[in-house]
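*Asks:* Going down the list, the protein sequences come from chains A and B. Under this note's numbering, the letters of the first sequence match residues 451 to 586, in that order. Under this note's numbering, the letters of the second sequence match residues 16 to 404, in that order.
What the hints contain is simulated information worked out from the structure, not anything from laboratory work. Keep in mind that the hints are not guaranteed to be accurate.
[What the hints assert, rightly or not] Residues of chain B clear of chain A, computed beta-carbon distances all greater than 12 Å:
1. E60
2. D81
3. G84
4. K115
5. R200
6. V202
7. R250
8. P278
9. P288
10. G333
[Unchecked claim] Here are a few chain A residues that face chain B, going by a calculated C-beta distance under 7 Å:
11. P465
12. H495
13. P503
14. M527
For every residue, glycine included, the Cβ atom is placed at its ideal position computed from N, Cα and C.
If you want the building blocks of each chain, they are given just below.
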Amino acid sequence: MPTSSPAPERSIPAPVVTPETRRFWEAANEERLLLPRCRACGKVHYYPRARCPFCFGPADEWIEARGEGEIYSYSIMRRADPPYVIAYVSLPEGVRMLTNIIGADFDELAIGQKVRLVFVASESGQKVPMFTPIAP
Amino acid sequence: MSIKGKAYIVGAYEHPTRYAPDKSVAQLHAEVALGALEDAGLGKEDIDGYFCAGDAPGMGPLSMVDYLGLRVRHVDSTDTGGSSYLVHVAHAAEAIALGKCRIALITLAGRPRSEGMATGTAPRSGNPNLPELGFEYPYAPTVVNTYAMCAMRHMYQYGTTSEQLAWIKVAASHHAQHNPHALLREVVSVEDVLASPMIADPLHRLDCCVITDGGGAVIVAHPDVAKSLRRPLVRLLGAGEAPKGQLGGEVDLTYSGAAWSGPRAFEEAGVKPADIDYASIYDSFTITVLMQIEDLGFCEKGQGGRFVADGNLIAGVGKLPFNTDGGGLCNNHPANRGGMTKIIEAVRQLRGEAHPAVQVKDCALAVVQGTGGSLGLRHGSATLILERV
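Produce the entire structure from the sequences given, and follow the hints as far as they go.
*Replies:* Structure (structure tokens):
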């Protein structure tokens, strides 16, 4: 396989949507990444919960992420067919989220690389946030 | 109050099988229980406490207590993955210290090899009520690719190399060559590890532990019981347990829960890493070992690569003999849970019953360190300090 073109992407299993997380997933279908913020302590956390994991306050405010990030770590799952990239991306909003990097040349991936938010339809049609390298 | 000196490990048994298509999981639990009882010189009727984890089928301990035919007054089915059995030893000591139990049986068994389980490479879906599920499963995290992210970050942040990680497998293989039951008995070189297929960058196949059937059991008992038996005495001095997850989004992949469970165990025991003669360190992957060695305080954070290189973990060669049975990396990782075999080899070393080629001379103090789950997602850590009396 030529290393200059990205690998074919895999089919994404649909995420479980719960009453607690519905707002997040509705926004994802609008291609917006919402992050929960605590009304008591003001901290943003991830993954979204109804109660703040820092202070147990009500985490019912949401902020929209700017959509930029940086790779904190990643790994290329070579064993899978097609291979895919799992990663943690650091967001300027203060959290690191588990995700996939898509549309990337495996050989050019690096920790610290700047990436931008994209949305990919899962098997149910529900869109899921992922990231792709920002072209230099 | 502490559990220091309040309980002894009086029985330890590792099932010799590594592939058991002809036995049931429950049967393997019974066989390891029998083996540990025979090792201790006790009978089944002496057991008054029972411990098991998620490998034991049923609702907590209920099916196994029924199947094994035990009458117990204390049960505990704490499940922290592969580290569960270390937690069980500590919890058994606590129960014994309080008079809730006198002789505790802990069993582990499973058959991932016979059942064709894609242990490290298949994403696991799990209970739909898991709060993290929707935010993880779509991205296909697996055991191997999540540990791999820890290794990638460690390399980036501290300059750790694949060669240094490979030394951990090399050391385990030097030990496994003497173990007739080990799955992989061939001594490997750093080059062999690096030449093995890449599973998830930067982990090669030989950076990963084996998938085996089998199991093991230990028996923890009151000091009076221990002193009435005919086996060399192994006493618990200290214990610590600590779950670690994603910290609300402030994910840090460079350290494990051992950074929390380790110091607590050493403090309770009143000893330091420099006092340790032998270490059993959970070895699901090479990176797992490296991170725990740092977190326990055998070297500074970030210096683990240098510490494990050049044979420093090899008995008779290096400063910290580790996993002298060959570990999960080469010997056995039954039911995908390596904590029990870590305890068992430490007991062998302290009794002077390890293979002569790997027996640490005058082995008096051991640390057993286990993790369970994934260091790249959420895991439990447990640390035990054991001494020969």
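*Asks:* Which numbered hints turn out to be false for this structure?
*Replies:* Those not satisfied: there are none.
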